[in-house]
Amino acid sequence: MTNLKHNTFKYLEQLEDEAIHIIREVVAEFKNPVMLYSVGKDSAVMIRLAQKAFFPGKFPFKLLHVDTEFKFPEMYDFRDQFVKEIGANLLIEKNQEWIDKKAHPLELGVDKCCSLLKTKGLLDAIKGHGFDAAFGGARRDEEKSRAKERIFSVRDEFGQWDPKNQRPELWNLYNTQLLPSQTVRVFPISNFTELDIWQYIKKEDIPIVPLYFAKVRKVVEKNGLIVPVEHYGPIKDEEVKDLSCRYRSLGCIPCTGAIKSEAKTIDDIIEEVINAKNSERENRIIDLTSDSSMEQKKREGYF
Amino acid sequence: MKELNKSLLRLTTTGSVDDGKSTLLGRLLYDTNSIFLDQYASISETSKRSGKEDVDLSLLLDGLASEREQGITIDVAYRYFSTAKRKFIVTDTPGHEQYTRNMVTGASNAELAIILIDARKGMQTQSKRHGYLLSLLQVPHMIVAINKMDLVDYSQEVYDEIVADYVEFSGKLDIHDISFIPISALKGDNVASRSEKMPWYQGETLLHVLENVHIVADKNMIDFRFPVQNVLRPDLNFRGFAGTVTSGTIRVGDEIAVLPSGKKTKVKEIVTYDGSLSEATNGRAIVLNLEDEIDISRGDMLVKPNNLPTITDHINAFIIWMDDEPLDQSTPYILKHTTSKVKAFVSKIHYTVNVNNGHRNKGVKSFSLNDTGRIELKTVKNIYCDSYRKNQGTGSFILIDPISMRTVASGMIQGPVTTLGEINDPVKTNKSSNIVWQKGGIEPKQYSMRNGHKPAVLWLTGFSGSGKSTIAETTAHRLFEKGHKVILLDGDNVRHGLCGDLNFSIESRTENIRRVSEVAKLFYNTGHIVICSFISPLKNDRLLGRELIEKGFFEVYVKCDIEECIKRDVKGLYAKAIAGEIPDFTGISSPYEAPENAEITIDTMSVSVEQSAEMLLEALEKDGIFTIDD
Ligand SMILES: Nc1nc2c(ncn2[C@@H]2O[C@H](COP(=O)(O)OP(=O)(O)O)[C@@H](O)[C@H]2O)c(=O)[nH]1
Chain A
114 MTNLKHNTFK YLEQLEDEAI HIIREVVAEF KNPVMLYSVG KDSAVMIRLA QKAFFPGKFP
174 FKLLHVDTEF KFPEMYDFRD QFVKEIGANL LIEKNQEWID KKAHPLELGV DKCCSLLKTK
234 GLLDAIKGHG FDAAFGGARR DEEKSRAKER IFSVRDEFGQ WDPKNQRPEL WNLYNTQLLP
294 SQTVRVFPIS NFTELDIWQY IKKEDIPIVP LYFAKVRKVV EKNGLIVPVE HYGPIKDEEV
354 KDLSCRYRSL GCIPCTGAIK SEAKTIDDII EEVINAKNSE RENRIIDLTS DSSMEQKKRE
414 GYF
Chain B
781 MKELNKSLLR LTTTGSVDDG KSTLLGRLLY DTNSIFLDQY ASISETSKRS GKEDVDLSLL
841 LDGLASEREQ GITIDVAYRY FSTAKRKFIV TDTPGHEQYT RNMVTGASNA ELAIILIDAR
901 KGMQTQSKRH GYLLSLLQVP HMIVAINKMD LVDYSQEVYD EIVADYVEFS GKLDIHDISF
961 IPISALKGDN VASRSEKMPW YQGETLLHVL ENVHIVADKN MIDFRFPVQN VLRPDLNFRG
1021 FAGTVTSGTI RVGDEIAVLP SGKKTKVKEI VTYDGSLSEA TNGRAIVLNL EDEIDISRGD
1081 MLVKPNNLPT ITDHINAFII WMDDEPLDQS TPYILKHTTS KVKAFVSKIH YTVNVNNGHR
1141 NKGVKSFSLN DTGRIELKTV KNIYCDSYRK NQGTGSFILI DPISMRTVAS GMIQGPVTTL
1201 GEINDPVKTN KSSNIVWQKG GIEPKQYSMR NGHKPAVLWL TGFSGSGKST IAETTAHRLF
1261 EKGHKVILLD GDNVRHGLCG DLNFSIESRT ENIRRVSEVA KLFYNTGHIV ICSFISPLKN
1321 DRLLGRELIE KGFFEVYVKC DIEECIKRDV KGLYAKAIAG EIPDFTGISS PYEAPENAEI
1381 TIDTMSVSVE QSAEMLLEAL EKDGIFTIDD
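Protein chains in written order, with the working numbering: chain A, 114 to 416; chain B, 781 to 1410.
FYI, nobody ran anything at the bench for these hints, they're computed from the structure. Keep in mind it's a predicted model, so treat the numbers as computed, not measured. Don't be surprised by glycine CBs; every beta carbon is placed ideally from N, CA and C. Don't take each hint at face value.
Stretch-level coverage of chain A by chain B, calculated; a stretch enters the list once three of its residues show a Cβ under 8 Å from a Cβ in chain B [unchecked claim]:
| no. | segment |
| --- | --- |
| 1 | 168–176 |
| 2 | 268–281 |
| 3 | 301–312 |
Can you make the complete structure from the sequences, with help from the hints?
Written out as structure tokens, the structure reads:
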């Protein structure tokens, strides 16, 4: 064999190469792709991969943020700054009708609220702009039903996922042919785990929202969730205490709790993830409501 | 950072329902600390609700609600775990016959497969089917895990019997590396730690094999293939070709040829976001910047001018049908192959295979869901391909239905179909008319580049019955499996034809060896690894071959005491020779001059056939026969 010495197969490099291949394949085969940008760490990694895929040029598609107006202020600040820095073109879409109607998880229930503000917001945006492919930063290790998701996930005209009728996906040959009514969600970082994401963020020095880092925050504990009070407005009858904590994943304020943590740097976070006792979405109310909640959402068109 | 130097292993698991596949994966996740408390809490809750005593680790793996209801895994699910040495991506696929397509999907990217067998049931039809499909997809490494050993009292006998059955069966398959491990997924024996209950098992634990199996050598590092994915033109000054190196290596300054145009140029720069590279190998996603402005678009392929793929519009392929709608020969399917898409018709159906027993059904008119078999495909444009055996990336394809847009089949290319008419038609033989062939004879170097190895001659000498032929055949198989050009010359295939006029007198033996040496040289000159297996008792005769071959001649002394050979007497020849029925028989009535300076000596009284073949391969490797230097 020639030059084996050059072939230290480092796994992050392999995951990176795989993702770049996928991103390029989408750009080559679809007319109007878009990349979903959630402002979180997975999106951050996905965007770096998109930059790499088209270097020395810029990636030839827009970013799309489906906003619920429930995101953390730090996320909005970070988003606007970041997008400006990398010179990307960002679309912000909302389900304004329900935002105006003051949709809230506490009143509608988590599932209903998500379905209206996120899923419907996303479907309307995809339809409105005529996107045929949307990149998402979902990973298979995040959640049980995602483990069965294809990298190219075909959706019907309502954006719905049919887990029983998925296309076989072999080698790195992706079927990019669609019926006129169909669209596709593409997940280039499917094979990254949470730990891989952090390793990659460190290796690549990728900027992320400061909420991921621990600091002492004023919190209350509610049903086992740690809820920092700064974002939640007035709290009644509950004991407020100081706690060093951070966000392990970022979503909407009412539905995202923090975790107890001392991790102030990326290295600390990596250490913490390696020793983690709970899965990543522990602080997400969205998955905990029923045993099959994520699968249900995905069937409805959630990414 | 240590974490970053981990390697990646993609593996797939197969087994029939209830063989313990999910339990084993759950066990691996659990033993490598890849299970989180909240996940564990959720499954232990579910276990309790369904009245189970122990926590059912298999629940970790059942992703979809509908499956959970039926209690079986129906689709392909992807799992991740890692140890200090490696990161593992597991495709967890169902075992039922109706899920063949899912299994094939899981196996397509796998570097290793675990086949589970329930020790109580032994080898089942399904186990054979799985073995067959894995060999079809050329998964390089296979582990047969014999599970539920706790339920058979950890009995060595039970284990040995299953192993023997499987070895016999797998001998007919095209499997490169197979090992067997007795385990209990439920109790953990021989999964991550050695079993105290099975002291008779001397091998490694499952996890140890997963962590240490050598995978780098499985990749094709020789034949440079670069299917162009995108053309990048960010500004007027830059024009680059983005893609993934499917196989082989490319360096700055290398000459390349573009298919189909046949134009040649050189690599000016290998561009990445992280800086320019001096070379890129198999799997790397890069951008190539070329010396000359050449018109190149997506679907074109960059290769090296002296190492071309097959250029053809008519291929022989093995396919697996994956759609509910059966194959229809009048449908113009979309063939996706590398980065190209081209219309293709199934021009001929050869046969389907009964995957349970390997029997061929000839005369079939169509393929339906999960059928596998051989067909011919006619494409409307040329494709640039290699056989799947040699090059997975350029040997694999999918077929897409032009109406439903579903993926209806996956396929593995065996080679081009060439009819007599086509051979005589210079356009059809299409070694692309634009590629300029060098004048004169073909250089040895060119053969090496094409074959991916240098030529060599392995000359096996030893008594009749010493084991020469078996070793020669096994070695030939091993080389053949690597995709190498190999030819075996032995008494049987030359004594009848080429040397049919010779007897066994001293003079005739010399003439026999002279002819064989000359033939060996002809093959050597065209790049083959030639294995000669002849008693060749005389030192001077053996010198002949050595003198004819400049480099890469290996004298292999297959050593075995004459007493032992007489005892073995596989062909009954010694008995006859001793009885005087065969004159001039080496060791009995004719001398044998043992080699004094053999490159390799194999003592078959203590070394197995497999080990012997391994020794020969190692010797070739060490001598750089498998290395092509530019
Ligand atoms: N005694 C014993 N039972 C096992 C073992 N492995 C699996 N099982 C049991 O066999 C049954 C089927 O296992 P499961 O993992 O669901 O099989 P799958 O259908 O192949 O995924 C379950 O009741 C397991 O607890 C083993 O090593 N020993």
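Hints, verified against the model:
1. 168–176: Answer holds; 4 residues pass the 8 Å Cβ test.
2. 268–281: The restraint on the segment 268–281 of chain A holds, since 5 of its residues have a Cβ under 8 Å from chain B and three suffice.
3. 301–312: holds (count 6)
The structure fails none of the hints (numbered hints given earlier).
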